[in-house]
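A.B. asks: Combine both chains into one complex, guided by the hints.
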Amino acid sequence: MADGIRIENLVKTYGEGETAVHALQGVDMHVAPGEVVGLIGPSGSGKSTLLKCLGAVIEPTSGRMTIGEQTIYDNGWKIPDLRALRRDRIGFIFQSPYLIPFLDVTDNVALLPMLAGVTNIKARARAVELLTALDVVHRAKAMPSQLSGGEQQRVAIARALVSRPPVILADEPTAPLDGERALAVVKILNDMAARYQTAIIIVTHDEKIIPTFKRLYHIRDGRTHEEDGRAEPAS
Amino acid sequence: MISLAGRDILHSWGKFVFTGIGLGLLIGVTLTMAGVYRGMVDDAQAMLDNSGADLWVVQRNTLGPYAEPSSINDDVERSVRAMPGVARAANVTYLTMQIGHAGRDVRVMVVGIEAASPGEPGQPPHLVAGRQIVRAHYEAVADVKTGFRLGDVVQVRRNRYKIVGLTSRMVSSGGDPMLFIPLKDAQQAQFLKDSDAIVRQRARTARNPALNPPGNPGMVDAVTASQTSNPYVNAVLVQIKEGFSPDQVAEPIRRWQRLTVYTRAEMEEILVDKLIATSARQIGMFLVILSIVSAAIVAFIIYTLTMGKIREIAVLKLIGTRNRTISFMILQQALGLGLIGFVVGKIAATFWAPIFPKYVLLLSSDSVRGFIAVMVICAIASLLAIRAALRIDPAEAIGG
Chain A
1 MADGIRIENL
11 VKTYGEGETA
21 VHALQGVDMH
31 VAPGEVVGLI
41 GPSGSGKSTL
51 LKCLGAVIEP
61 TSGRMTIGEQ
71 TIYDNGWKIP
81 DLRALRRDRI
91 GFIFQSPYLI
101 PFLDVTDNVA
111 LLPMLAGVTN
121 IKARARAVEL
131 LTALDVVHRA
141 KAMPSQLSGG
151 EQQRVAIARA
161 LVSRPPVILA
171 DEPTAPLDGE
181 RALAVVKILN
191 DMAARYQTAI
201 IIVTHDEKII
211 PTFKRLYHIR
221 DGRTHEEDGR
231 AEPAS
Chain B
1 MISLAGRDIL
11 HSWGKFVFTG
21 IGLGLLIGVT
31 LTMAGVYRGM
41 VDDAQAMLDN
51 SGADLWVVQR
61 NTLGPYAEPS
71 SINDDVERSV
81 RAMPGVARAA
91 NVTYLTMQIG
101 HAGRDVRVMV
111 VGIEAASPGE
121 PGQPPHLVAG
131 RQIVRAHYEA
141 VADVKTGFRL
151 GDVVQVRRNR
161 YKIVGLTSRM
171 VSSGGDPMLF
181 IPLKDAQQAQ
191 FLKDSDAIVR
201 QRARTARNPA
211 LNPPGNPGMV
221 DAVTASQTSN
231 PYVNAVLVQI
241 KEGFSPDQVA
251 EPIRRWQRLT
261 VYTRAEMEEI
271 LVDKLIATSA
281 RQIGMFLVIL
291 SIVSAAIVAF
301 IIYTLTMGKI
311 REIAVLKLIG
321 TRNRTISFMI
331 LQQALGLGLI
341 GFVVGKIAAT
351 FWAPIFPKYV
361 LLLSSDSVRG
371 FIAVMVICAI
381 ASLLAIRAAL
391 RIDPAEAIGG
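Protein sequence lines correspond, in order, to chains A and B. For the record, in the first sequence the residue sitting at position 84 is 84 according to the working numbering, with numbers rising by one throughout. For the record, in the second sequence the residue sitting at position 238 is 238 according to the working numbering, with numbers rising by one throughout.
Bound conformation, chain B alone (with noise of 0.2 angstroms):
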């Protein structure tokens, strides 16, 4: 049986071609809209497999560290360790900042995490070159995506870090990349004051006589202290011992410390389900929108075409060809035209994500269900040229 379509697109292949790129373009902005959600979701679900552990304890009713603000004392990391069915803990900070760094501006997660402590929660799992922090304060393990190098020196607030060790795919929920600083220099870049704070603040503790009662010179000592130190940290990571279950070790825990902990399951779903739900809806929207342009150009370039074989399509009608071979061929050319664009928007899609700042994940499923959605869209959006089709009359070849 000839192919009707197949000849009508070889002959004519030129219009057939530009549009499918240019329809393909629209396609390969659809899928790439999709990588961006499969990114966002992948970076979170990285940053929860990378930080190693199976619990996050945070301040009581609070979705922190990632969603909520969180604040808890850094001593709570010892009290958990304790618990049944804790294998290690370890306490964690994260501050998202910006960096200067080479005359540009770095966007980075801060992480503090306890300096030579490797397998503990919190700390980079693997390192693609030089080594794990080792000293307690100045060292710094940056991801690959922030641009440093080995031995760069970056300045974190006050204090200047030197670059010990790259790791890769340890990113924030947001996509920044993440710098792995001492615990102890993460605490204080998180609640440091300014000097000229410090010194109004010490002004005032002196004035208060509640804090500086005469006869007691040593007490306005001990409140600037306090109020110059830092012993809070965001979250406290928790690994559990083999044999225990999360809700096992968490259970005890949120009833005796009381705080609130999150399993992986929990964290996963106040990542995916809350933080980026916003973003995946705004994703969304784009998506429906860019499959109705999509399904309106097709429609327009199928009609349009149809339409300027009236005659053709007439005199195939007149000269006995059934209506199902004309339907089938409009079909075929409407799916014809959502193949050269969805082949064209996947090679281009697969070309331009590595540019995005942000990771897009182009998943095969992803491309599977694209290429279902196009055919589908592209069958629908022939209906009206069909219906066109099948409207005219034969005797319309017959003059007269």
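If we strip away everything but chain A, and leave its shape as in the complex, we get (with noise of 0.2 angstroms):
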């Protein structure tokens, strides 16, 4: 069985008969451990449809998805909790960091494992680990609302990884960054990557950390092309 995260002929479609829309047709992708690929294409393409089914948030309408040697969904059959799966085996950053206002930075990375019920003292252990390898330690007892947007990112992508899960899912990271603490972000979701064999799929619209990916899906009308990473990206 393969490591990382694969989906085979993934098939969404919202609706029924004429009305039909076919968000997913057929999809196929494969992340290995310590890989970072991109998802790029247009507005409309399936990109946030994809990252729902790949996070476990809807369910394809066929198609089979296994994250390392356990299977998500097989042609209509899916694991009995969704919720738990994303608690203890996938992390998500999203465009915009999402903090939780009312916690300080160590909490907020901690809150995961808390909540999946590690004790208070190793949890935070856990994130100032983390915090430490993201250079964002020192900010550990500040709130959200103290951080740069930069730092606020760091954050997050420290509570993508607090429960070591073996995929994240990286919604326009960058989006909200210039391109220096762009190209940083990503650099640093590589080097994540490679110390926790962590498979990260990245989708983006941000032309400049595009030619960073060595793997590169392309998504059009519901279906991925896989390309090379550093071609020119597609319009």
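Bear in mind the hints are in silico, worked out from the structure with no lab data behind them. This list has only true hints and no planted wrong ones.
Residues from chain A that keep clear of chain B, each with C-beta distances beyond 10 angstroms, as calculated: (1) ASP3; (2) TYR14; (3) GLU16; (4) GLY17; (5) ASP28; (6) GLY76; (7) GLU129; (8) THR132; (9) ALA133; (10) GLN146; (11) ASP178; (12) ARG220; (13) GLU226.
Sample of chain A residues at the chain B side, in silico, Cβ under 10 angstroms: (14) LEU82; (15) LEU111; (16) LEU115; (17) MET143.
We put the beta carbon where it would ideally sit given N, CA and C, even for glycine.
C.D. replies: Written out as structure tokens, the structure is:
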């Protein structure tokens, strides 16, 4: 069985009959542990739908998805607890960091393991370890409103990594950042992927970072095409 | 386990505290309304307790002397005293009136009692200053709530009375403080006509040949004397001997004296269930409305606070937070708001209750009940916000 995340012939259709919208029409994708791939495509191409399927937020109509050796969907079958799957096996990074405003940096990162039942001390220790790795530990006691945009995004990355998930889904993580900071975030994600052997999928429109991907999936009309990541981005 | 609600409250404590203070003042009003009702009941019970009576003998088929007018002859007291099981009996009159004193009007219940009869039913049982009434005229004992002081002179109808003693917690069922004066004076005050009316009455009697027959000049004087004297009282208060039950003593009085007799339990029922029943219902309506308003305010505040955190809740759901964790967070915030409100309300009610003109009795048991009610109302009020939060789609955290 393959490691990382793999989807085969994933189909997602909204509605039925003549009004049906075929958002995904047999998508194949594989991201290995430690690998960072880009997912690009024009608006309405099915990027968000694919991301929601990968993130176990919506269920595909058919197709197969595995994370590591665990089957998540298999042609109508799904694992019973998608919420626990999201908590334990998938990390999320959003366009805006969406940090919890009433928790300090450490607890924002430690929240997920705390909710999963890890003791506060252990969860905070794990958070500090990640904040150190992301070079933002000096802001550990700050509130999110006191952080710069780049710092907030690094904290969001730490939060995504804290449960050591095999997969991280990043939705436009560099959108609010300038070029230099955007590239720094991508570098961090590459480093973290290598360090924690995490498969990372970055959905992006950001042309500054597209050349940094070794592999790139281009989605159009609900179908993906694997491309050379260093090629010119599709319009 | 981290307390998300606690952290949120600490983070935006100003919003919670100020909202809690607003809610608290409303809860304070609610507790005070309950205290007003308790005060009315307590006033009624205090009046019965302090009267020292076991039985109230009143005019037949009336709810006197407090809930309805009652008038019986003052010699009834002597025959009641002779009934089996009666230890003591005393005439008493009650008259609520306005008394001018030191440039202000004081509403009092004037109580006529036998002078120099300590221990008789109807007497003020304890004094906080001065002495009991010992002269048959022109002395008075006042409740401290009247604001009168020892040595003050107050005017009741035509006569002036010197305050010789002060008592406390002697109030009518309406909360008016009592002013005790000698029985004869009270009888006169209750039924006395003004001079012009007396002159007109005498002339009318003299013109009536039936009352002033020729050849019998003494008759008109006798009739006039009977018209200007007042041998009536409102009730006879009775203390019973040990070994007798109230019903055992009351029954022969009812049968042989052809009067209505109320026991303590019956009189309490008249005062609480009949006399202040409408006020109680009025207060009950206020309590219901205030509860609904409080619930609406809490629901609105918690709903607004929750709707302000849609993205955060979507993120929490997306990263796998259980629905019950999110629900519990909102519930805790609603309960926290209720707790702040209750503490503020309780403190506020405790401070402002003594300022009220009528007695406000804040019972601990009411506070406990109020606290439970506030928590239940807050829990119910949070349901709307919880429902809204649970309907938030975790996909909202993902763009597109």
